[in-house]
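Student: Here's the letter readout for the chains.
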Amino acid sequence: MNKKSKITFYLFSLLGLILITQVLYLNSSKSMSADAKEKKVLFVGLTGLPDLAFSSQSSYIRHRSLSMTSDIYSLDGCLREYDSATYVIANSKIVSKTNE
Amino acid sequence: MSSKINVYLIEYALGSIIRQGHKSLFITIVFTFLTALLTSIFFITNSIKYELNTTVDALPQIIVQQTKASRVTEVDISITDKLLDIPGITSVNARVWGYYYFANAGVNFTLIGIDEFEEQYSDTLEGIVKKGELNSSGMVIGSGVRKIMNSSYYKDYFNFIKPDGKIKKVEILGQFESDIELESNDMIVMSKDTLREIFGIEESKATDIVVKVANLEEVGTVALKIEQMFPNARVITNDDMKLSYENIFNYKSGIFLALFVIAIFTFFIIIYDKMSGLSSEQKREVGILKAIGWRVEDVLKEKFYESLILSLFAYILGVILALAYVYIFNAPLLRDIFIGYSDLKPTFEISFILDFQTLFLVFFLSVPIYVAATIIPSWKVATLEADDVIR
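Those protein sequences? They're chains A and B, same order as listed. Taking my numbering, I'd label the letters of the first sequence as residues 1 to 100. Taking my numbering, I'd label the letters of the second sequence as residues 101 to 491.
Just chain A, with the same shape it has in the complex (with noise of 0.2 Å):
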């Protein structure tokens, strides 16, 4: 092995090394724990509604089957139609502003 084979093979090696170094560090440090999951079950059973909050103003995400979605989101008819088809029958902001 000449210079060049041995410091490719040992920055591959330390590449193999961050990676494991970092998935092990994200599987302790950023994977869900049990207690968290099982928190998590908890409250999603006690309050019965889906999706995540970090989209509660998101249209295509946030209840979108639970609520008068034609009026609070504009894009999504109901959850079934979940189609750019959905789109056409929506009331569309953008159409009435182009018409004006």
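Rather than coming from a laboratory, the hints here were simulated on the basis of the structure. Even glycine gets a Cβ: it sits at the ideal position worked out from N, Cα and C.
Across the chosen pairs, the derived CB separations fall in these ranges: (1) A:13 with B:121: 22 to 32 Å; (2) A:10 with B:121: 12 to 22 Å; (3) B:261 with A:23: 47 to 57 Å; (4) B:318 with A:11: 54 to 64 Å; (5) B:300 with A:18: 57 to 67 Å; (6) A:12 with B:121: 12 to 22 Å; (7) A:23 with B:369: 31 to 41 Å; (8) B:361 with A:18: 21 to 31 Å; (9) B:133 with A:10: 20 to 30 Å; (10) A:38 with B:130: 38 to 48 Å; (11) B:264 with A:23: 52 to 62 Å; (12) A:38 with B:329: 32 to 42 Å; (13) A:23 with B:327: 39 to 49 Å.
Fit chain B to the given chain A structure using the hints.
Tutor: Structure of chain B alone, referenced to chain A:
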């Protein structure tokens, strides 16, 4: 043919990579960036899916809403008795919940009413609430709601404006634990009676009805029966929600994939352009190698090692960067596409999931293709006579 790894060929390949300095560097950067981008998208999507799938089984099996003129309206509580007559249904619960728009901050809170903090709920709440004694006159709030309320100087209570314009003061009893922030950030849980007062919902009405079925296999049949019994009702089963989740995330990651397809095609065009028209210098190199006795397979092996070292290095680096970007730095920029524009954003800390499927997918989408795009044009040149190539 011997399948032994020829170290000398690897050394030559390394030398070749270094000789092509800038070109190799450029390809590595583009390759790393593309791998990191694609892997990040899959990591985010998978983690969110995992988060949702963790709780999806805790969701109600069937939700019944009332519609009028295709609009969702309040449901009459009296239909709960009729629902209980359907064989297979074990319990029916009329829920009261809704959104409260807090104009001062421009956000929607999600208000949920539970039965007077009954014992069963108290136990559950104690498990997930950070502090505070629970009673029927107060509420428990999510951390996002707490921040918004604090910014408006509501520390111990909040004044809800009722439909008649009067104020309903509700005491803040506690806050949900940070472990469930992704689920509870915008939530306020209080007693059903207080909620009815805030929303102006009559005693005989509810927002929707949750139905529990004893046998999971019968959920579909029971849903069908409810639909037949109440033609105006919208019946949503747990499976519908799961399907909806799939749609949402396929759609969202589809947007990314469309972008990625454009990017990767550009990448392939660059590779193809680079390799199909091997520069005269590279052609001469192959010619000389052949002239000094290299066989076609030696040339191909050398090109294989060269491309594999480059692409594997970029791939591993890309995965490392993607892991750090998504799980350590919480995916700045990309997360905005998933979390929307609300001021009630929770900290976007998604759970780490090591998804081998994603890693294999990205690997096979990038490394073998790059290797093939390198070897094929080299093979074309290597099969020519040495003097033809040099000339």
